[in-house]
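Engineer: Taken in sequence, the protein lines are chains W and S. Mapping the first sequence onto my numbering, position 131 (from 1) lands on 872, and the numbers just tick up by one. Mapping the second sequence onto my numbering, position 277 (from 1) lands on 293, and the numbers just tick up by one.
Just to be clear, a hint being listed does not mean it is correct.
Stated by the list, open to error - Lysine-lysine pairs mimicking DSSO-like chemistry, simulated, CA-CA at most 30 Å apart:
id	chain 1	residue 1	chain 2	residue 2
1	S	K26	S	K387
2	S	K158	S	K387
3	S	K158	W	K904
4	S	K387	S	K122
5	W	K904	S	K387
6	S	K122	S	K200
In case anyone wonders, no lab produced these hints; they're calculated from the structure.
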Amino acid sequence: MDQILFIVFAAIAVLCGINLVLQSHPISSALSLVGVMGALALIYLQLGGEFIAAAQLIVYAGAIMVLFIFVIMLLNAGRERETPRRLWVRWAGLPLLFLFIALMAYVVQRILPPSDEVRFGSYTFGTAEAIGTRLFTTYLLPFEITSVLILIAIVGAIVLARKEVE
Amino acid sequence: MNFLVLSLIKMAVVMFVLMTTLAYLQWIERKVIAHVQLRVGPRRVGPHGLLQPLADVIKLITKEGMVPSHVQTVFYLLAPFVAVTFALISISVIPFGPVIDIAGVKTQMGLTDLSIGVLFILGVSGMGVYGVALAGWSSNNKYALLGGLRSSAQMISYELPMALALASPLLVLNTLSFREIVAKQSFYYFGFVPNWSIFHSPFPQIIAFIVFVIAAFAETNRVPFDLPEAENELVAGFHTEYSSMKFASFFMAEYANMITVSCVAALLFLGGWQPPFPAEYGSKFIPSMVFVGSALLCFYHAANPARPFDKLTLPVVGVVSLVLAGLYLVPLAQTILLPLFWFGAKVGAILFVFIWIRATLPRFRYDQLMKFAWLFLFPIAMINLFATSLAVALTAK
């Protein structure tokens, strides 16, 4: 059952990803990205990362992508025009892509040993409590530094976007 | 009984109740607003207009589903579907009562209980924006686009104070599962003050409750935050181009969202199905007393009828109330019915506030709306969150 669900969600994620690249309208692409995010969230959930799944749904699918679509709607971006490509680029692209993916898969499999924890239901440290405890004990410094970094980014964005006061 | 069959039965029950509530919420809203404004409201179809929702549904189904020629067809058709799906999904993590035992079958009242229930509700309600935004954009209509844009901006802005207001009771209660949240609010201070979140030590969450309810009004696009469909400036906002069932889907989504946020408010802040004072002071006789009272009222008005048919309709309601009052006294039924009564009463009270405010307040101007969210609601929710954190940290063992 887990296997079937995993394959279904993985297929949805991959199909949405392909659709994201193929679509010529920005809104279609953005919605495909939402589909990818949603499918990824479900896969996280299946692997035991409950909190990550919820965060993925809230932050990426619910907030960031809404902002994307909001901006696309606001700018009223139209269908993008295709620039003509060279013939050999068209024909060589797909085989080269597959070659690249195969190479990556091979390298990853060689470097990373198979882990016992990557099985459905065997990973149990993904709950909100577990992640919260880890964040505020073991990983306190990286966590705080990241928050300061985000704060700096927000202040920078405000400074850049602010109108000049005369 | 096997898990699948049980789940299907529960789904059918919850879906039936939710759909009926959706339909009749609209009738109640029209009636309440009518009485606030000294009108009588719908009363042509059935006694006191009780069959009006049914008539509305039949009308909407049998109407012609027009698709205007200038729309982006795929997204135009997708939008109401998205809106209603994400509005209805969230009911699946709402518990309605404790774990009960019917003829040897143990089950929890409610479809499921996630350990991240509150986050699930936040995530799914965030996805609801897509329905409105897509509807506005795909309609290819200025009014609809403006409505969709306003709605997206409003929902993004008000999600922040709402999430902050949700976070502070979670700090106090220390869990994300709705069932545990209710279980932690089941005690009484001094034996009679319930420790619901709004009274909970070390820091009562009454401010968070008020902020949450205000943000919930904005999230569900209700008056006074119904800018996305401001009739006098935007015709009907994002659903200008929609007709028949597609229009009804947006309507359903709005009411389903109302019910969900009311349920969340009742669970998180008002102790879910816990009675407001303990059973030893007689809280289990309250439902019976309420129903006997309503029965007596009905009989009195039937004896002195204001309209000729009151002689026929009111006694029927009175007898039904008496039967319900009797049912609440049966010890076996009490374990199931009492939690449902208190949960229903709390959700109903919040829904009534929704309708009451719609009948009372005018609409905000758009800049007022944004200022209110960012300069008033957000800082208050933030300060409340800090104060709660401080109180929790100081009292932690």
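Engineer: Hints first: check each against the structure and report whether it holds.
Structural biologist: Evaluation of the provided hints:
At most 30 Å may separate the alpha-carbon atoms for a hinted pair to count; K26(S) and K387(S) exceed this at roughly 44 Å. Between K158(S) and K387(S), the direct Cα distance comes to roughly 25 Å. Compliance with the 30 Å bound is thereby established for this hinted pair. At most 30 Å may separate the alpha-carbon atoms for a hinted pair to count; K158(S) and K904(W) meet this at roughly 28 Å. For the hint pairing K387(S) with K122(S), the CA-to-CA distance comes to about 50 Å; that exceeds 30 Å, so the pair is violated.
Among the hinted pairs, K904(W) with K387(S) is consistent with the structure: their alpha-carbon atoms are about 18 Å apart, no more than 30 Å. A distance of roughly 21 Å separates the Cα atoms of K122(S) and K200(S); the hinted pair therefore holds under the 30 Å criterion.
Figure legend: structure checked against the earlier numbered hints; hints not met, in rising order: 1, 4.
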